[in-house]
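K.L.:
Just so you know, the sequences run in chain order R and B.
Quick note on our numbering: the first sequence kicks off at 1 and runs consecutively.
Quick note on our numbering: the second sequence kicks off at 1 and runs consecutively.
Some hints could be false.
Identical copies go unnamed one by one, so any copy, or any two together, can satisfy a pair.
Okay, derived cross-link-like pairs now, DSS-like style, lysine-lysine, Cα gap no bigger than 27 Å in a straight line [said to hold, decoys possible]:
#1 LYS319 / LYS265
#2 LYS123 / LYS214
#3 LYS265 / LYS171
#4 LYS302 / LYS250
#5 LYS68 / LYS39
#6 LYS136 / LYS62
#7 LYS39 / LYS123
#8 LYS29 / LYS214
These aren't lab readings, by the way, just hints derived from the structure by calculation.
Number of protein chains: 2
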Amino acid sequence: MQDSHWEHERLRLLLKVASTISREMQLDKLLRVIMDEVKSVLQCDRCTVFVLDRERNELWSKVAHGEKEIRFAAHLGIAGHVATTGRVINIPDAYADDRFNPNIDKQTGYHTQTILAAPMRNKLGEIIGVFQTLNKHDGHFTGEDEETLDAISALSATQIENAQLYENQKKTFDSFLETLASTIDARDPLTAGHSQRITLYAAEMAQVLHLSEKEMEVLRVSALLHDYGKIAVREAVLTKEDRLTESEYKHIRNHAAYTKSILEKINFTGALRQVPLIAASHHERVDGTGYPAGLVDEQIPKLSKILAVVDVFDALTSKRHYRTRMPFHEVIQTLTAGIGTQFDPRYVNAFKQIKLDRLLHILEHEHVDLLHRADLSSLADYDSIDYVAAFQAPFPLEQEKRLIMTFQTYYLQQYLNG
Amino acid sequence: MQDSHWEHERLRLLLKVASTISREMQLDKLLRVIMDEVKSVLQCDRCTVFVLDRERNELWSKVAHGEKEIRFAAHLGIAGHVATTGRVINIPDAYADDRFNPNIDKQTGYHTQTILAAPMRNKLGEIIGVFQTLNKHDGHFTGEDEETLDAISALSATQIENAQLYENQKKTFDSFLETLASTIDARDPLTAGHSQRITLYAAEMAQVLHLSEKEMEVLRVSALLHDYGKIAVREAVLTKEDRLTESEYKHIRNHAAYTKSILEKINFTGALRQVPLIAASHHERVDGTGYPAGLVDEQIPKLSKILAVVDVFDALTSKRHYRTRMPFHEVIQTLTAGIGTQFDPRYVNAFKQIKLDRLLHILEHEHVDLLHRADLSSLADYDSIDYVAAFQAPFPLEQEKRLIMTFQTYYLQQYLNG
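With the rest of the complex left out, here is chain R:
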């Protein structure tokens, strides 16, 4: 009866674990959920799931409740022993066992007493990771704990593989979009890196505006693809250095309409279905004189209004063959002057709230390694509004002078000539 009761309780817990972990498809979160479940089911102090990276032959894990990833060669330590032999290790007294390495305890101040470690196998029987649990609350880990961990391990393996499959596909798609965007930008030397940068600016706007995760994703994909239509614009027109004729100008403006018609052929699902419209509407103006559709203010999707601001900002702050960057205070004045005709005030104002260190990071996206950390952190307290105020102060304070000078050092790219 005791056995039957125990078995019953075990089944109930396992079913709960199965149901809980099946809800999570994001690998990071999934690992955390699994570790929490194991801790609670096995009544122990710590649980770590190590995932085997076959290519690099390493085990890695997110430290529970921490942000850092740990990684080590796949044969090291207790976990490495389990990954190599495929056998369960149940150690009642860690310090009496040769396989235990006390150095980590020394570093962390933790005191390991009992250890239960088990391999995680996929449906093909291949080892894909290792469970390691520490310090059973009450005594040491039992044979029953071994059985339970084995069952959770099997359930987890499938879910981890599903999550990896999903993430890999997402990563492939994302890197594809990025590569495509930069390829299209590269057709016109003046716009190299443009789509990448406006995607980054848009992400900063999303932070300031507290957009939802879904909106952020739509904004990100729309930003990457907003100039996709340029793929259909004739190169001779795209790269012409002389003044464009009226018909050439019209042809270039068509890129926005091309963006829409091409992206509409893509089988976007869920919230991403808005991407073609949002991406294509980045040249609409609130006064209705924009293109391709000549939409008026409230007809323009919010996310397109955001793209409109960052698109112009990037154009003004990019170097052209015939000039250096427009002075920064003029850029901000130009955006401000566009309020009510070109831009929605909300999004110009949001843009002006992005901190200067974040802006510099994107402006100097191609050589971030040249940014000094101390300079960046001194700019982290200021936004564009502060900058313009400092710039226009009739009697600037010492700190205002420093702000202007630090920012200008990078913005004018003087370090590139020094």
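Fit chain B to the known structure of chain R by using the hints.
P.N.:
For chain B alone, kept in the frame of chain R given last:
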């Protein structure tokens, strides 16, 4: 004790169901696995999972063990009733219940006696589908069956949503690749539809050669992207109608190397990691005089050798502004003549085994609706080898004449002028 035993057995079964269904991420297969599990756990004759399509407000399902999809308005029948009210329906005698529609039994010859139908809810509590089980083997469905079905339903809902998420992302990516390929082809009017067609030819080759599913997927993606590098080729050169200069010709040939270097930036995972190399090697020749790398025979990946054959076939059978298609027997002779210098004999021979109806389907990809079914099925018994033999026969048989004439009718696109 009976209760405890029952509960115990139920937990054991549920855990098995959870583990079984968690292994399947392909929606079609998943639905079948779920239906089989329910039948076996509830000991009944049939189980159907209906999935709610919110956009079209329809319920759909694959008929168990059948290929056909059934679809109907989301308020119809027992399943519709459950989807609308969110309540479980347990009918001990179908023919005595008003909600039961006996017409389907009449059509199928099946005799429905007992029905248990339950909603399937996701973690947000939204109804995403309906379970319908028919004819409990022994008596009618019990309250315990209702509980069990409810638990399976909850487990299934998560897994179905995960599979949908995964499939949607895959669909978006695939349609993206197709759209991109056709956009690139469209830059050169001579090659419109080219990537799409060679992807289809490659799929036929895969069938003839019995490639594995993984190889097929790598071949498909490589075929779609083989000319991606053209995005970096200057348009003036790409579309030049006069004879190319040596340096222009070299620039065009660079598209293969561009394909490799651009695709290498993409975070392909698993087998797809071979895509950049395979896609870029479609102009390699077995005698080592190809490009970009001048690989020799066994250095050229098998899938690139397949692409080489279908790439040339498509070029020869495409209309050019200055000529119609090359006569079909000459196309086949040209491929054959390339064996040992340009092509690996295995893949020319495989190509020649593709049935003529399949070839016509792809050759006339843009107006398949003009192909007569009777003509196609009369061509389904012949391949290119048969065609050339018939064409060259000094005294062709009646059926050989018919074969040539039927194929030519479409190949020469005479119907477009008649």
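K.L.:
Please work out whether the CA atoms of LYS136 and LYS62 approach to 27 Å or closer within one copy, between two copies, in both situations, or in neither?
P.N.:
within (21 Å within a copy, 48 Å between copies)
K.L.:
Is the C-alpha distance from LYS265 to LYS171 at most 27 Å within one copy, between copies, in both cases, or in neither?
P.N.:
both (22 Å within a copy, 12 Å between copies)
K.L.:
If the cut is 27 Å between Cα atoms, do LYS39 and LYS123 qualify within a copy, between copies, both or neither?
P.N.:
both (24 Å within a copy, 23 Å between copies)
K.L.:
Within, between, both or neither: how does the pair LYS319, LYS265 come out at a Cα-Cα threshold of 27 Å?
P.N.:
Close across copies (26 Å), not inside one copy (34 Å); limit 27 Å.
K.L.:
Using 27 Å as the alpha carbon limit, work out where LYS68 and LYS39 are close: within a copy, between copies, both or neither.
P.N.:
Within one copy only: 20 Å inside a chain, 46 Å across chains, cut-off 27 Å.
K.L.:
Check LYS29 against LYS214 for me: Cα-Cα at most 27 Å, and say if that holds within a copy, between copies, both or neither.
P.N.:
within (18 Å within a copy, 29 Å between copies)
K.L.:
Tell me, please, which holds for LYS302 and LYS250 at an alpha-carbon limit of 27 Å: within, between, both or neither?
P.N.:
The answer is within: 25 Å in one copy meets 27 Å, while 47 Å across copies does not.
K.L.:
What label fits LYS123 with LYS214 when the C-alpha limit is 27 Å: within, between, both, or neither?
P.N.:
Close across copies (18 Å), not inside one copy (33 Å); limit 27 Å.
No hint from the list above goes unmet by this structure.
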